[in-house]
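Number of protein chains: 2
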Amino acid sequence: MVTLDYSLGILQYIPFYYVIWSDDLLSASEISVVQKTIEEDSSLDTSDKSQLLKWLNRDSPPTEEEFKKWKQTISNSQIKLVESDTYPLTSLSQRLGNVYCGDCDFNDHLKHIEINLGIQPNHYNHLFHVEVIHEKTSKQYNANELDKILMGEHRAVVEKFRAFLKNNVFQWQIERNKELLRESILKQVQQLGENGYGALAYPKEYGGTGNMPAYGAIFEHLMYLDGSLAVKFGVQFGLFGGSIQKLGTKKHHDAYLSDAGTTKLLGCFAMTETGHGSNVRGIKTTATYDKSSDEIVIHTPGKNDNKEYIGNALHSKIATVFAQLIVDGKNEGVHALVVPLRNEQHELFEGITVEDNGYKLGLNGVDNGKIWFNQVRVPRTNLLDKYGAISEKGTYTSPIKNPNKRFFTMLGTLVGGRICVARGALGGAKMALAIAVKHALNRRQFNDSIKVQEDLIMDYPTHQLRLTPAVAASYVYHFTLEEMMKSYSDESQPDKRKVETQVAGLKSIITWYANNTIQECREACGGKGYLVENRIPDLKGDVDIFTTFEGDNTVLLQLAAKGVLSDFKAEFNSAGFASVLKLLRTQLSDRLNTLNPIYANKVDAEHLYNPKFHKHAFDYRTRRLTYTLAMRIRDYIKKGVPSYQAFLKVQTHLIALGKAYSVELAYNTFSNVCESMENMEYKKLFTKLGTLYALDQLNQDARWYLEQGYIGGTKSKAIRQRVERLCTELRPHIEVLVDGFGIPEHCLTAPIAK
Amino acid sequence: MVTLDYSLGILQYIPFYYVIWSDDLLSASEISVVQKTIEEDSSLDTSDKSQLLKWLNRDSPPTEEEFKKWKQTISNSQIKLVESDTYPLTSLSQRLGNVYCGDCDFNDHLKHIEINLGIQPNHYNHLFHVEVIHEKTSKQYNANELDKILMGEHRAVVEKFRAFLKNNVFQWQIERNKELLRESILKQVQQLGENGYGALAYPKEYGGTGNMPAYGAIFEHLMYLDGSLAVKFGVQFGLFGGSIQKLGTKKHHDAYLSDAGTTKLLGCFAMTETGHGSNVRGIKTTATYDKSSDEIVIHTPGKNDNKEYIGNALHSKIATVFAQLIVDGKNEGVHALVVPLRNEQHELFEGITVEDNGYKLGLNGVDNGKIWFNQVRVPRTNLLDKYGAISEKGTYTSPIKNPNKRFFTMLGTLVGGRICVARGALGGAKMALAIAVKHALNRRQFNDSIKVQEDLIMDYPTHQLRLTPAVAASYVYHFTLEEMMKSYSDESQPDKRKVETQVAGLKSIITWYANNTIQECREACGGKGYLVENRIPDLKGDVDIFTTFEGDNTVLLQLAAKGVLSDFKAEFNSAGFASVLKLLRTQLSDRLNTLNPIYANKVDAEHLYNPKFHKHAFDYRTRRLTYTLAMRIRDYIKKGVPSYQAFLKVQTHLIALGKAYSVELAYNTFSNVCESMENMEYKKLFTKLGTLYALDQLNQDARWYLEQGYIGGTKSKAIRQRVERLCTELRPHIEVLVDGFGIPEHCLTAPIAK
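Residue numbers (the working numbering), protein chains in the order written: chain S, 1 to 754; chain C, 1 to 754.
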């Protein structure tokens, strides 16, 4: 035992005071937590309390001598900080008491501080000149529990599926030759079809279970095996089979759907043309009804009017072809038809030309090709005629009279594919994060000169900032997409316009998020991330195109923004527009009531972590952007600028609105999921993930909020600091969080993730 | 002729007024340009002048009826706007006068407005309900002239080199098999070596020209052929040959340098180890001097201590190996030695194991491998002994006593490689930009319902914003790297520490810029950008690792920031530190003198386009970040936090400083280049590029400036608008700008760039 200047009461608090005053992060409101604890701690006598409270005064902080004395007291004790303790700092205090005073109980009051300030070992372990027993990860949360929460109601299907994926045919291998890769991917797709996974979303009578949400969960899992597999699976069962299901009628279902589900019939989805990527309505392929033979003639008129980038084009026997339907000399707009491509011997029918698209940046296991039709004839009944039919008499009829509405209704049925694209991108991001995090928990680089071992790269602040917000976002987007798929699949809500707007925006922000995340993971793994064996390269190459296919993100965000505006759009150019703007303005100023200087500079943790603040900030941004956008468009139109040109002039504004709307939607959806969670411990973790997502988003767009005066400079800095802080707080759980994704171990083949 | 309400004088101004009042972008200060013109226009009578000036009043703008009358006047005239006219709007005015009044001269005063407001056809062609004769690009500037300016003093070498590259051996082909690709890349490297290009930077007596800057220009060109070629070229001639040249002495030069230059001797550069990527000082390979045999024994001690990712590992006969040199039981630190790997039959010598690194995300034409040494013996003279030698008596000597300084001096000689990495990345970005821009000038999507033809995607504001700032940055970085290479190669300045700091920062921001740019280009080209034949996929895969190799960007930025701090570093922990901080603070407040609310909200074009504003803003940011960083570190150190930990705590701050410093350096360098240009017309164009770069950078970091109160919300918005505006202004020159890169036509193989 050593001589000591402090009473036991004070001694116990010293490690805490040392931490608090070493770091400039703890705010006044957090010090109040300590204050309250001291006041309630009955083990302290009056003079202890008064001394401790005195040291809490920010206006006259402890002297540097005092601070150094604390430091000495701790280092002289020779005790070790044990990170794996449940309450490492409180335990250290107890052992400190034992060293100096011989007998000291575990003080629950101190535990209270440790919990409430969220103090983590990586906040302070550098402060103690003692050896630290490192634990890579905390055991507070359990990965299996997280996984169960993420699987939700699909748990049975997903667990069975994971077991099924252990089949050798799914083993990942490095294969760069596209022909060999395509062969092996085709075999995998056939396996999935033969085992009922392709038909999952089809009606029971065609071999399915009618469970589109489960299909989405399965789809994400395919990304863990191979991006090409996911995409080819999506083309065969989602796009080809889905178009038969959604655009066709019973005769088509009976003829094709069961075989599509089992892969007995391989098909493709021929919509995009070389000359027309994003502008589907402008496609040039014609389908002209020939009354004399009761046939429809499919034709590619010009050089760039061929179907382009059609997945499954080389393996397919048949295609759903989108074309301008011409009946009796009148163009009835874009419709889909079933067109056989090849015979049993896999020879192309006359008039059809198919060309391989060749090597791509990724997805080389998918046989994308170009298709030309030269006066190809199919029976009239091959028209997928749910939304537009040709009667036996040869006249065109449609349940939707407005051609514009008809077109969008047809495309709208395919929105499920867009959800799957986002889901697949998310799967890619999860996989990359799992690999990068596990690598960062093994890899050491650089060290303090006194330590033998180098530091884990996961303990570097820049590294935490790189990966942790992305992990949080993956949880947010997971639940957002689950909810979106539920809304989409809800047959009781036939009007899908709202879901369409939402999915357009979410697909964009999530696929961009996924690409950025995979790139961060690549760089975070250094040269190791560049090796194909470590999987990140393929994820990067495969997910890249997700920002473009099933709708280019830039185009989709404008679509989403126009959806937000659509309530007002009908009013453009009319007298009523002024009153709509007035309403918007009123709503905004209601929301601005709180925007006084105090609010704009409120920086305490309670406020910054409060979902009300996040929701208000997101809501304000969406409304403000909508209002100013509407104003700008109105001004242009008033001046005689045509509406098309006016929208062109506000293009960047539209994109900002589309993003803002989607981020708000994701946060609110996740926030509702958190609210309804029953397990309080996990609810706490999820809430923290939501908070990190919200603050990270506000942090990314802080410039806009500063411009609006919604936040002041101090608050902007505080938000940035809180993001860093939350990353540190989540550090002990980072491995559990990525394990919670539930990526099957046999899929995590990357050597650096072992 | 039609009846008309306006005099000829007023009539001529109507198209201009129509444009000015249609757009909300023109500021008060710009309207003053018009004002002045009117006052000086002698063709106007007093009542014309008074009417025109009245219409300029922003407080009582022309009525909507007036505005509509202008519009009618123009559309009734049926005249066409001809974009290819030198002054399209002035010409339109003239023709308008001709239609209504029969005879109208070209009015030079109007031309003055058109030039001074920088009004471009894409600002207004949508306003005129007349058909526009589109020209893809303006002829004001000439691509060859730009190219000459970019080639600078390397013109002779570069032009000869471009012609040489037409050799069939350099023809780009799609080859995914790494063995076949490596073979063809090796042949190309040999061709280059045999023709003197490898030795370019070596002294004359070893077959070179001693021209490192020309070597840099050549290196960039190799990226237009294949990233693998550039990297393998860099490994053989820059890293392997360069290490012999820079770290060796005459005996080594005589023995190896000529053969390295011609590729008669293929070598590799074995520095990085699996366990030690960024931390070179921590490598574990040992080189132990054995006095008895006068040999040095190279040994790989542990499982992860093998050399990793060594380019040329499979083709090399010899290697420069970095290892801990142990003489007489004492570790003298990291040194380089020449170690033969294979015999004439290309069989590995005993004790050496080489393993292929396998497929990578990109650069599959480079044979990267792992190397293990098991007690491999080489003669003592194989030590590259410029900075550390073992005498014949077996004692270690070095001209640099301080081991720390010695280590950094050795590494410092290799900084040229880092400049080349940045240069190569820049070449990749240029190539991707050229392809994306050319595609955007061919590709049309969507249209106004009244037009038959769809719009060029280059005319979409979002597209311009995506590509144009990147084109501007490519010019800025081109000249920055040229200047940097000059400083580095300047033998009269032996202290390279400053250049090292600068290169560390520039390599980071430029390689990140290149990756972001290539990604934008990929997305801007849609699905076409995803096809390997269009080159962007390989550029993306190849350039990706540039952010990691030759120094991880995150690590390098910290190095740069520490360089900036280094003047103060020596003072840390000493009494003098306070006075250093005081000095910094004084400097800052001097710079803050101008930071009054008026400055923070100055938004006129003259101010925003003024290089003084840009320089002030960049300088302020660097100094402010330095000051606050120094303060934070001081506070931590005062509290007893060890320096290593203190730097860890401010890691994100270091990175912000590193970036700020590098951007400032790039802008200032480019700005100086602009200043010294003699051709005034091109100087104008270059100045505009510099302005766009500066404003785009400020735009990206507007949040920080807002936080500091350096700019207000209005100014932040104005900066964003100016960035969009400059993109539009540069739209007519965008093709000339990318053609100015001088990428040889036979290298631009992408079908979409035709």
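Hints were generated in silico from the structure; no laboratory data involved. Heads up, some of the hints might be wrong.
Since the list can't tell identical chains apart, any single copy or any two copies may satisfy a pair.
[Said to hold, decoys possible] Pairs of lysine-lysine, DSBU-like flavour, derived with a Cα cap of 30 Å:
(1) Lys754 x Lys284
(2) Lys717 x Lys602
(3) Lys649 x Lys139
(4) Lys204 x Lys250
(5) Lys638 x Lys717
(6) Lys649 x Lys684
(7) Lys264 x Lys71
(8) Lys49 x Lys393
(9) Lys638 x Lys54
(10) Lys486 x Lys68
(11) Lys250 x Lys401
(12) Lys717 x Lys615
Hint-by-hint comparison with the structure:
Only between protomers do Lys754 and Lys284 lie at most 30 Å apart by alpha-carbon distance; the minimum there is 23 Å, versus 52 Å within a single protomer. For the identical chains of this complex, Lys717 and Lys602 are neighbours both inside a copy (11 Å) and across copies (24 Å), given an alpha-carbon limit of 30 Å. In the homo-oligomer, the alpha carbons of Lys649 and Lys139 lie at most 30 Å apart only across protomers (26 Å), although the nearest pairing inside one protomer, at 54 Å, exceeds that limit. When the C-alpha separation of Lys204 and Lys250 is checked against a cutoff of 30 Å, the pair qualifies only within one copy, where the shortest distance is 14 Å, while the shortest distance between copies is 82 Å.
In this assembly of identical chains, the alpha carbons of Lys638 and Lys717 lie at most 30 Å apart only when taken from different copies (24 Å versus 41 Å within one copy). Only between protomers do Lys649 and Lys684 lie at most 30 Å apart by alpha-carbon distance; the minimum there is 27 Å, versus 45 Å within a single protomer. With identical chains, the CA atoms of Lys264 and Lys71 are never at most 30 Å apart, being 74 Å at best within one copy and 63 Å at best between copies. With identical chains, the CA atoms of Lys49 and Lys393 are never at most 30 Å apart, being 96 Å at best within one copy and 71 Å at best between copies.
When the C-alpha separation of Lys638 and Lys54 is checked against a cutoff of 30 Å, the pair qualifies only between copies, where the shortest distance is 21 Å, while the shortest distance within a copy is 66 Å. In the homo-oligomer, the alpha carbons of Lys486 and Lys68 never lie at most 30 Å apart, since the shortest distance is 59 Å inside one protomer and 51 Å across protomers. Taking the closest pair of Cα atoms, Lys250 and Lys401 come within 30 Å of each other only inside a single copy of the chain (22 Å); across copies the shortest separation is 88 Å, beyond that limit. For a Cα distance limit of 30 Å, the shortest separation of Lys717 from Lys615 qualifies both inside one copy, at 19 Å, and across copies, at 24 Å.
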